[in-house]
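Asker: Residue-level listing of the chains:
There are 2 protein chains.
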Amino acid sequence: MVQYTELDQKCVNAIRALAMDTVEKAKSGHPGMPMGSAAMAYVLWARLMRHSPQNPDWPDRDRFVLSAGHGSALLYSLLHLSGYELKLDDLKQFRQWGSKTPGHPEYGHTPGVETTTGPLGQGLANAVGMAMAERFLAAKFNKPEHELVNHYTYALVGDGCLMEGVTHEAASLAGTLKLGKLIRLYDDNHISIEGSTDLAFTEDRVKRFEAYGWQTIVVEDGNDLAAIDAAICAAQADQERPSFIAVRTEIGYGSPNKQGKASAHGEPLGADEIKLTKQFYAWPEEPFHIPEDVLTHFRQALAKGKECEKQWLEAFSGYEKAYPAETELWSRVIAGTLPVDWDQTLPEFPADPKGTATRSASGDILQAVAAAVPNLIGGSADLAPSTKTLIKGEGDFSAANYGARNLRFGVREHAMGSIINGMALHGGLIPYGATFLVFADYMRPAIRLAALMRQKVIYVFTHDSIGLGEDGPTHQPIEHLASLRIIPGLTVIRPADANETAAAWKAAMTVPGPVALILTRQNLPTIDHSRYHSAGDVSRGGYAIERGGDQPDLILIATGSEVSLALDAADQLLKQKITARVVSLPSWELFEQQSVEYKESILPAAVKPRITIEAGVTMGWSRYTGECGISLGINQFGASAPAEVLFEKFGFTAKAIVEAAVKLLGK
Amino acid sequence: MVQYTELDQKCVNAIRALAMDTVEKAKSGHPGMPMGSAAMAYVLWARLMRHSPQNPDWPDRDRFVLSAGHGSALLYSLLHLSGYELKLDDLKQFRQWGSKTPGHPEYGHTPGVETTTGPLGQGLANAVGMAMAERFLAAKFNKPEHELVNHYTYALVGDGCLMEGVTHEAASLAGTLKLGKLIRLYDDNHISIEGSTDLAFTEDRVKRFEAYGWQTIVVEDGNDLAAIDAAICAAQADQERPSFIAVRTEIGYGSPNKQGKASAHGEPLGADEIKLTKQFYAWPEEPFHIPEDVLTHFRQALAKGKECEKQWLEAFSGYEKAYPAETELWSRVIAGTLPVDWDQTLPEFPADPKGTATRSASGDILQAVAAAVPNLIGGSADLAPSTKTLIKGEGDFSAANYGARNLRFGVREHAMGSIINGMALHGGLIPYGATFLVFADYMRPAIRLAALMRQKVIYVFTHDSIGLGEDGPTHQPIEHLASLRIIPGLTVIRPADANETAAAWKAAMTVPGPVALILTRQNLPTIDHSRYHSAGDVSRGGYAIERGGDQPDLILIATGSEVSLALDAADQLLKQKITARVVSLPSWELFEQQSVEYKESILPAAVKPRITIEAGVTMGWSRYTGECGISLGINQFGASAPAEVLFEKFGFTAKAIVEAAVKLLGK
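So the protein sequences, as listed, match chains Z and B.
If you read the first sequence in the working numbering, its first letter stands for residue 582, the second for the next number, and so on.
If you read the second sequence in the working numbering, its first letter stands for residue 582, the second for the next number, and so on.
Next up, chain Z with everything else stripped away, as it sits in the complex:
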């Protein structure tokens, strides 16, 4: 067993004091968690974790996720002390405008922060995704004598994380997948915001994780460095099961009046209490004091990190010589770039009045993308046969086959969303997740974080309207297109036919940030693009699929399954000598990024009569109708009946559009 010294103990107190002072200076934040869990964090960061503070992007670093993101002062203290690019002055700017130390850890904002956390449970599920990514890349790239990928993923979690459903989902899946290199440290402090966890959380956490197939270890004293060390080593040693280490801690450890109380959780301790607490630690009163010997000791992480990297680079160099093709692929996937000409094999679909469902077209397109892009990986929340998201010829990602690209998430949409975030954050993968559009609601917190972190993840949301039919209103998305469009940074694309679907996939792979593809259950005509404008303009978000001349009488604006209806309506209107332009507008976000001139060329301000047509809530469409136009939509829940009956009943027919147009034009 490793011997820990007084200096080690001093280092632990340094973390506590720094976190405490950081929160106090900001007059805002969460001191109790860092104080309680400083010991386990120290053991991990200073001794057991392989990381390189000078190069936070070193691909084979161990990942550390602070799932209890409110304890950000802990993470910032560790980063500063270990020698990451985060200065003491940054800590003094905690929670201030423009600082590198926001209230919760934010990916891309602070070197060494692996994911954005705060919404509880997310980090833990991200960690499952990272551990899956590690296993996949290891299976894909490692060779018997040359290892490129072999790292642990650690997550520090609190009671709040363990209560959230998403962590149950993710933990159960991690057990099934036997993610032995995933290690979860549970800050078992018995306190949440409302008080004792006995109020609402009396389950046997250890037994629960056993039920999920995890190794479980209990550390009775959260300040016992040697015991924590032994527990983490035991966790590392079990390569068959993820490990759950329950560490009994005291929130606000060392604070004479707040230790073990909810009052230590979410507000500064106050000057008086800090004074008393520092007395308990035998610590100088001076704020932000870091003893020289403590800093020197912590900063050994720099040399250790360099040595780790050096060893890895040596291995890499050997790998490069032996496997040049694999090395090229490795470099590309780690850089996050796509192969040249990856999109040259995307299928083209001949015009066909009967057509196909865009989910089916998507399934065909996926095969081509997956063949060209070997790090595209994904799956569905138990709806693969319906969402058409299995990659053919690939096995299921499982303990027996970590190199396979079909992910089986089970009926766990939320975990799916958070896991693919973790995979994208890990690097090296382009993940997708699929379910029915209506169930996007279940994974909304994860979608929001993908957007906030600007991660390249792709959502395949099918069964996108009342066109779902008989399953009824619980399964029919009505407000969901709007609900996704309002998330800043998310690109939503609802293609009108098979060829627009191919163009949508192309956009999904190339535009920055997360993209949601919105696809039909039902067949749609494959539009004759020799008659109408090419589907290629999906990348511009919207285009005049049927121009109707330069001065049409009105503009019909539609998305997805409603575009064909609009084209039919335009044909019928022409018989009444009314010229209609039909604009296919698959993506508001992409369209809004176009130049004013382009937008004006598609939607000329002079043409006031406009009808938007989309089988969902109309909210938001008034930006395109202007004051004179109208929106055909559905502002109520759907119903259970065959799809064609529903479209008729809810007014989505070419005839209904024609009538609305004639009425709008006052003819």
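Some clues are possibly wrong.
If chains are identical, the list can't say which one is meant, so a pair holds when it fits in one copy or spans any two.
To be verified - DSS-like cross-link-like pairs, simulated, lysine-lysine; straight-line CA separation at most 25 Å:
hint, residue 1, residue 2
1, K1230, K673
2, K885, K1189
3, K1230, K606
4, K1230, K608
Honestly, the hints are just simulated from the structure, not real lab data.
Following the hints, complete the assembly by docking chain B onto the known chain Z.
Answerer: Coordinates of chain B only, in the frame set by chain Z:
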């Protein structure tokens, strides 16, 4: 042990055959689950469940929730066979427009359906809410010699339900609360849509429920009626723990080619397979055949139900005599009506430039409402001190005190949403649930179902904008007001000050369906309503708080914390001889319900220059700005900094509004 006969077995097969035929006729649906779980459903419905088919609203009936809602054909078969108001012709209209037998069970649509299910996991969490409601009402009303409330709540769940995080959350809480009268039957068929549950779901389910503090019982053979009977009786007998009965079944039982396979799950068996299956059951081929003896046997439920009701009415009559006041209260809460003058004690807040946070005002108002309305009950997802949602002088709802009204949900927003749905559905209670607005995302599937079922539940969503401050973008709602406004049937109210908050609570208690109150973290001035228009008009959704004459130069439209800014801006504009009307628009939904005349009186079409001001995404606001107006909003994520800094940086100051107004007017 009860002896089951051949007739019982025939009854089980009758359920199977009926469900199979129902799906086949619709050419759509899920036959496998009803066929596999018919035996347990039979034992429960025909022998152990206390229900009255002629009076599905009998208050003390046992509740039955089909959490695996896709098995609706099972429920419809049971309802028809037991004598509920659901005819064979209704089953023949399964999944057709306007029928009483939609694809998934829909509350309020079909007699005997206790809740709308289909989105997996929801029903199970609803059942937890029902069981909590039962315990609360029992504690509140039962007297030693007179019991009004004493029933079980049963839920039939599948693998999908158990995978969803919301069921983990709800089950853990049910264990903590020792809900001994909650009984969960698990249809353990090892199959989900993608195939074997081994793909993604290998956890030890029984052990997991043990960890949650449940009694667990395993039935090895899902067709063994006596074993199922014994298991349910054992579950009933344990009043200290909820019970989890894992019943090993075969999906599509009896189908020679589909039993035990995913192909039995979600599509009709087909005529040939039905023929073979009926041979296996020794069943006539004729569709919808119900043998006379089977029907007679099932319909004993009518007499048994009448007898149950009779006994209960006798008890009620005794109760009525002994406890007239309690009886009056009982009748009122069961009818769902409010006490006369319940709103007379709502606080009024004097004008105050410093003011108070609307969450704090809400906390004060809640005390008055709770004092007047004894069946108002609720709590928070571990944020009660922040959301100000504890009822003072009330204890915590717990096994030791089921009569208390403060619910402690733990960090489980999703379960909270589903549980309060269950409480409302049970009847007798008006439940509320509270968390930060940003975490409404976690409970969105439950909010949608509340709206779909038109249940009276109240959401208290606080920390409603960047005004949340230092916690940063993960905690700052940006798109959330819009995300709630788009849910059909949900009323969203964002009051501007303490007095509008009182009016908002009043509306929340009285308008039909669910209501979301959107409240600030930060202090807002309490508006001087002797100078400005009365806050009472919140019930109309919007009103001119400052008229600015009949022909103002422009209209400023704001909600919540931005109303005071708009009033300040109007004052400043007046100094520049610009008259501005200020419209407080706390609720779009309520405003849109007003007459055309009223709306025109508030927002005269003639006044084109308009500015909407709301610290959230602008999508949707164009309906009020028209083509000439503009929207001040936030179409990006927030940041971590003190609130006042953020409002400044994001342009929410009176000065910024004045500048925008001057520019808009071209002055």
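Asker: Next, verify each hint and record whether it holds.
Answerer: Hint check results:
1. K1230 with K673: between (62 Å within a copy, 21 Å between copies)
2. K885 with K1189: This pair counts as neither: shortest intra-copy Cα distance 68 Å, inter-copy 67 Å.
3. K1230 with K606: between (62 Å within a copy, 22 Å between copies)
4. K1230 with K608: So K1230 and K608 pass the 25 Å test across copies only (20 Å; inside, 58 Å).
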